[in-house]
Structure formats: C-alpha cells, structure tokens
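A.B. asks: Listed here are the chains, written in short residue letters.
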Amino acid sequence: MKKIIFKLFLFLAISFFVFLSYLLIFANGKADSYYLRFTTKKQSSLILGSSRAAQGIIPSVFNNSNFYFSKNIYNFSFTVNDSRYGKIYLDAIKKKIDTTQTNGLFILEVNPLSISTGLQNIDDNPDFFRENNNFLHCLKNMSSNPNFEYLYKFMPSPYARMVIYNILSKFEIKSDGWLEISIPMDSATCEFRKKIKFNKYLDYFSSNMFSQNRLNSLDVTIKYLMKYGKVVLVRLPVDTIMLKMEDTYMPTFNEKMIDISKINNVQYLDLTPMSKDVLTTDGNHLWKESAKLVSNVIKYKLEYN
Amino acid sequence: MLFNSIEFLIFLPIVFFAYWLFFSKKEDRRNIFLIAVSYLFYGWWDWRFLFLIIVSSFLDFYIGKNINKTENPSKRKLLLLLSICFNIGMLGVLKYFNFFIAEFIAFSNLFGLNVNEITIKIILPVGISFYTFQTLSYSIDIYKKKIKHTDNIFAFLAFVSFFPQLVAGPIERAKSLLPQFSQKKEMNYPLMSDGFRQILWGFFKKVVIADNLAPNVNYIFDNYETLPASMLFIGILFFAFQIYADFSGYSDIAIGTAKLFGFNLMTNFATPYFSRNIREFWYRWHISLSTWFRDYVYIPLGGSKVNKFRQAFNIIVTFTISGLWHGANLTFVIWGALNGLYYLPSIVLKSKKHKNIVAYNKIFPSIKELFQMMFTFLIVLITWVFFRAETLTDAFRYILNMLNISNFGNVFKEIYLMTRNLDYIHVVVITIALPVMILLEWLQRHKKHTFDIGNYNSVSRWTSYIILTTIIILFGNFSNNEFIYFQF
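These protein sequence lines are chains V and X, in that order.
Residues in the first sequence are numbered consecutively from 1, following the numbering used here.
Residues in the second sequence are numbered consecutively from 1, following the numbering used here.
No lab work stands behind these hints, which were simulated from the structure alone.
Mixed in with the good hints there might be a few duds.
[As the list claims (entries may be wrong)] 25 Å max Cα-Cα, derived SDA-like pairs, lysine to any residue:
| id | chain 1 | residue 1 | chain 2 | residue 2 |
| --- | --- | --- | --- | --- |
| 1 | V | 153 | X | 420 |
| 2 | X | 185 | X | 140 |
| 3 | X | 65 | X | 32 |
| 4 | V | 170 | X | 422 |
| 5 | X | 184 | V | 260 |
| 6 | V | 7 | X | 43 |
| 7 | V | 7 | V | 20 |
| 8 | V | 301 | V | 72 |
| 9 | X | 25 | X | 14 |
| 10 | V | 153 | X | 415 |
| 11 | V | 170 | X | 65 |
| 12 | V | 200 | X | 424 |
[To be verified] Pair by pair, the computed Cβ-Cβ distance ranges are:
| id | chain 1 | residue 1 | chain 2 | residue 2 | range |
| --- | --- | --- | --- | --- | --- |
| 13 | V | 258 | X | 14 | 57 to 63 Å |
| 14 | V | 145 | X | 362 | 49 to 55 Å |
| 15 | V | 254 | X | 7 | 50 to 56 Å |
| 16 | V | 20 | X | 190 | 28 to 34 Å |
| 17 | V | 132 | X | 47 | 40 to 46 Å |
Everything numeric in this text was worked out from a predicted model, so none of it was measured.
Ideal Cβ positions, reconstructed from N, Cα and C, are used throughout, including at glycine.
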C-alpha cells in the first residue's frame, strides 16, 4: 500500500508540476480575453463597463503619470453581453474590489445597451437577465494565480490552444487589465468590419429595450463604489454612424445619465462629441491610438474639473 | 457518473483507498462495499433507475438458484422463460416500444389502415442493454448447465452492478467474472500498474481523439447536403475513428479500473481496424457483445452446424438483431444486416480464420495484407454511415453524395471553411494525435492493450506516463462529452 501511495503521489506531483509550469508560461493575456483579469489581486481603483471600456480606456495613461490620483487603476470591463449593469456585475465587482482602501477611482463606462434588456424580458425581470449564468456569476474566486476555477469552468479545452494563441493572437490583456487589439487599420478592412458591426448592433437595437432595473442597478453600483472612492460616468466616443443608431435607439440616454449623476453627485463625461475625431477598429471600439487620446482626455477632465 | 468527469476523478481514489484499507479482506464486506459504490456511481446519473438493476438482479439470482435446484425440464424451461421475458420485456418496453409502434403504424398506413399514433415518453436508463444481457447470460448458462448458480447474493449483486463495466460493458459472463467476487483479494502491484496504464490510454483515446473528432464529425453530418464528396469521405473516416476511440477508450478505462480492484475483465477491442477481412473484424470489435450474440443467438439457431443456406440465414438474423440492440432505429438494423451480408462470403468461400494478428512478428504488413486491411476498412466505413445517420434517408443520401466524384471539391479549402465555422484547434489536435494513435496501436497490436509497457525500464515507463498525461491535459477536450455507447 505504501508503495502504491508513494508512486501515485509522485505521479500526481510531477503531472501537477508540469501542468503548473505550462500555465505559468502560457496562461497569460494572450491565452484568453478574460482570464488574466481573474488572476490579479483585489483592486482599489477600477475601470468598469463593456468592451468599449475594455479596449478604449487605458489604465497606464492614468498610472504612469503625475495624475493627482496616485493609486493604480485596473480595467475590469468585459462585454456588452456579460457586464451590463445589474446584480451579477455588481457582485463580481464586490469580489474584485479591495475594501480596505477608500480613496479609489472608479470610471464607469456607460452606453445605451449597458442599461437595456432583451425584448423578450417583457417584465424587465432581473431573473431573466442574460448574464445570469455567465462566468461573472459562476466564478467564486476572482483573484488567484493560476485561477484553476476559471480554467476548469470557462477556459475552453484543449488547453494547447494557449500556445497557438500566444503565437497568433491579435489581442492581449495587459497586466493592468487593458485589452489591446492589434489588427490592420487600412480603410477597406475597417469598412468591412464596420459593416458587420453595424448590422450586429442593428440586431441588438431591434431586440433590446431600456431597462429601469438596470438603471437602478447602475445607481446601486455608483452608491456602492462611492464608499471606496471617487466615481465618474463616461460615455465613450464611437463612429458617427454608430452614434446616430444609438441616439435613435435611446434618445434620452444622456438625460438619464445626467439625472443619475446629479442624484449621486458624481461627474458624467459625455465624450461622444469627440466621435468625429477618433478612429475605431469596427465602428464600436476605439483604436488603441485613439484610446490613448481619449484616456488622456478623461484624465485631463478629472484633473481640472 | 462519467469516467471523463471531475466527479469520477474524486470518486475513484476515495473508493480505491477505502476498498483496500477497510473492505478488501472479507468477502461479504468487500462485495457490499462494491455494491454500494456501484449504486452510487449509477445513481449519480439518475437514482430512480437503480430499482431496475436491483429487481433484475434479484430476479435472476432466484431464477438461477431454482433452475439449478430442479431437474424437471419443463420447470427449468419455464424459469428460463421468465428470466428472458422479464429482461427482454424490460428492454423492449424501455428501449423499443415507441420504435415498434411507429413502424407498425407506418406499415399499417401502407395498407390504407388508419392507426392512431400512440407514443409514451420514456427515458432510456443508461446501461440497460448491457446489464440485462449480463444477467440473462447467467440464467441461460445455468439452464445449459455450463455454470452452477451462486448462493451468495452479495457476490451476485456485485457481479451485476460492478461499476467499471456497469453502463457500457464489457458484457461479462458469470463464468469468468462471478467467481472473482468470491476470490481472496490482495494488492497485486503489477496488475494495478497495468490497470493504471490502461486507464491512461483509455483517457487519451476518449478525450484527445474521440472528443476532438466529435465537433468535426457533427459539422460534416449536419451539413452533408451542402458539402462536397471529399468532405463526406473525411466525415465518415473521422467518425470511424471517433467511435473506435470513444468506445474502446471507455473499455480501456473500465478494464483498467477493474484491475485496480483486483478484477480481470475480458478484452473488448483488439485493434479491429487492422483486420484482414470482416470475419476477423468481428473477432476484434466489441468482442464481449459479438461473442454474446454468437453464444446466445447464433449457436442456438444452429450456428455453423447446418447447411450453408441456413447458416447464412443465421448470420443475417444474428447481425440484424445485434444492430437492433444498438438502438431503436432502422439505421441500426440496416447497419447490422449489412455487416451480416459482408460476413457471408467468408462462409461461402470457407475462408480460414486468422489465428495471428496481421504481420505477426514483423513491423510492416505484406502488400497483400495491406490491401486486405484497406479493403476491410473501406467496407466497414460504408456501414458506419448507417450507424451515424439520423435516418435511413440521410444515410443513403450521404453515401450517394459521397460517391458523387464530380462534386469532389477542394479538400483544403473545405477543411479551412470547417475550421472557421468550428474551432480550428480540434483539427490541429487530430492532425497530430490521430496518426500517433494509429502508429502506436500498430506497433503494440500484439499486446493486451496499447499502453502495455510494463516490461520497459522505469525511466522509460515514467517518461511515458508523464508525456501521455501531459498530452491528455493539454490536448484533451473536456467539454463533458458523453460516451457514444451510453445511448445503447
């Protein structure tokens, strides 16, 4: 029995060591577009919102300067489907936030879809929000490296794909949570991507409606984060065609944001007037150089307003 | 509980250590423990169906006992009929009721009779086709005086429910497995190591080969009407390896797990795709089932001790029933009948039975053997279309489209399109891993199983373990894919 136990233990230990080494080398920001965000420690300052914020607000712009705000800010934004404002996202934020600090900064990216729900959810019932069974809801641990829970439940197997992604991937989550996308920006390719994205958003807009429950959740999120620092709402610039589509879908969006910011006494930065001055990769997400510009504008506005 | 689940990875070591530390010494304690963990293993899927196993086990235990007690032929026959009626009846209702009703209605409609459709919602209990055949063989063997009944109810319940082979075989015979539950058990290190190696190889076949082939096969079969002939050929080629890797992988894990507990189960697959004719193929494919049908259907029908015409009839009937055993669908019936037809030339031509594995004691086969293997594999491929297709119409159209050479298509372009629709990683894994599996199975074809490397030195063995484990972890598809044969 001793021999069996010893050999079994040896086998498991070596296998685990090999797997762990593999993870430490390849389970990085290129392996998966979310994984790295669940491997970093709890954060005192966060950038929150959809993929617009994930790609469009660069933490290093704030962290690598003499910004009045000295704490490191971390990008904890996901996608328009996974991280709309609601209980699930707020619970995830609660797991990621360092509650021992009270002087943080929280940049909440907002857009019409982040306070919307599907048309089929006729009663605007949070029980039917689409993120209810996603990784933000299911993950218990959001700050361990390696995060075996995420790897087991959400990293699609085979895990060998991490090696291929490390070589071929066009995206990379940086250590500060920013999602850097490196794709060709010639006009023909961009126009092609925009066409696809506009069609996708037309579908979104025709299958979604404003959700009072999500707006209330945004309010709850703001109030919760205010306990730990300064909160600011930001509407990011997008392609002018996308902006027109959004304004048609929810013409009162800005008023809603102004109201909620006034109630909570927080700043609301509507950066959509910059839409004609920025480049997007697909009409929806800022190109990394434009993201730098927009992040600097946010930093400037926070410093001087 | 699935072998390829996290639950099983926790379950197995706990049961293993508890068994050897606390229960292995005394026979009854050991068997009660095995019954309990086997029921837990089965009940993890759906505990309500446990009662079927329990009822079937008790019934055959008492029938076996009473057949053995009496010498009255009619009483013995009556008891055997009771066992057959109960087991086949249970299988018939739960597995075939809707199928036969639907076929009866379709047949009646042919003659203009309007029969109201009656279907009932039935959940097919996992493994029912396997354990009913196992208990049935016990009663039949006692009736035929091939074995004696057992008086030990715990040994018998453990024999029926033994968790490694409960849900998908190998379908064991009482003669070889039942006495093992009454034997003294001591830790047998070489047997356990061998079991461990066989489990590893089984996992490789299941999660690396079968589960990476599955998405590609599904894609091709779902889109067969729009894909060119070349892709349809790739689709059926992939399915042939998927079903082999899936089912033989399961058998390897089952046999290996049994070895960890000191039990020897029968070999279920012996490199069947290296067969030189269809007869040899059926000696190497799902051996526990084909021998079951040979002993309990083919031989009672007269077997080979009748004229050639009758023998051919017996073969067709046996294979057709074997097809029906796989599922309540005409596709399986045709699959079985087609295999029976393939088998006939070996009867007519009186082809000799191959005693040795192909290219025995050689590395390469002769040109003749190579052509024989390729031909056998090709005709087996055609049968797999019926096995995989949803309906007979799909199967025939798939074959017709596959044979339409004028629409051969550009293979590389089509594979590229498939990887864009699916996940290219599966194709990458298969491109590397499938040839490796075939090569290793060829090189090790004379061994009991492919990863039988007990005679290697410890450095080579341990290096192989770690490499294979790493391959399983990194290249395995862990999407909790069920084993194909669970549905049977």
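A.B. asks: Check the hint pairing residue 170 (chain V) with residue 422 (chain X) against an upper bound of 25 Å on the C-alpha distance.
C.D. replies: holds (19 Å)
A.B. asks: Does residue 153 (chain V) pair with residue 420 (chain X) here, judged by a C-alpha cut-off of 25 Å?
C.D. replies: holds (24 Å)
A.B. asks: Take a quick look at whether residue 185 (chain X) and residue 140 (chain X) sit within 25 Å of each other, Cα to Cα.
C.D. replies: violated (28 Å)
A.B. asks: Could you grab the alpha-carbon distance between residue 25 (chain X) and residue 14 (chain X) and see if it respects the 25 Å cut-off?
C.D. replies: Given that 25 Å is the threshold and the Cα spacing comes to 17 Å, the pair holds.
A.B. asks: For the hint 49 to 55 Å, verify it against the beta carbon of residue 145 (chain V) and that of residue 362 (chain X).
C.D. replies: holds (53 Å)
A.B. asks: Lying within 57 to 63 Å: is that true of the beta-carbon distance residue 258 (chain V) to residue 14 (chain X)?
C.D. replies: The hinted range 57 to 63 Å holds for residue 258 (chain V) and residue 14 (chain X), with Cβ atoms some 60 Å apart.
A.B. asks: Need the status of pair residue 153 (chain V), residue 415 (chain X): alpha-carbon distance at most 25 Å?
C.D. replies: violated (29 Å)
A.B. asks: Taking the Cβ atom of residue 20 (chain V) and the Cβ atom of residue 190 (chain X), is their distance within the range 28 to 34 Å?
C.D. replies: holds (31 Å)
A.B. asks: Is it true that the CA of residue 7 (chain V) sits at most 25 Å from the CA of residue 20 (chain V)?
C.D. replies: holds (20 Å)
A.B. asks: Does residue 260 (chain V) sit within 25 Å of residue 184 (chain X), going by the straight-line distance between their CA atoms?
C.D. replies: With Cα atoms ~77 Å apart, residue 184 (chain X) and residue 260 (chain V) exceed 25 Å; violated.
A.B. asks: Are the Cα atoms of residue 7 (chain V) and residue 43 (chain X) separated by 25 Å or less?
C.D. replies: Cα-Cα ~32 Å, so violated.
A.B. asks: Are the Cα positions of residue 301 (chain V) and residue 72 (chain V) separated by 25 Å at most?
C.D. replies: Cα-Cα ~18 Å, so holds.
When held up to the earlier numbered hints, the structure conflicts with 2, 5, 6, 10, 11 and 17 and fits the remainder.
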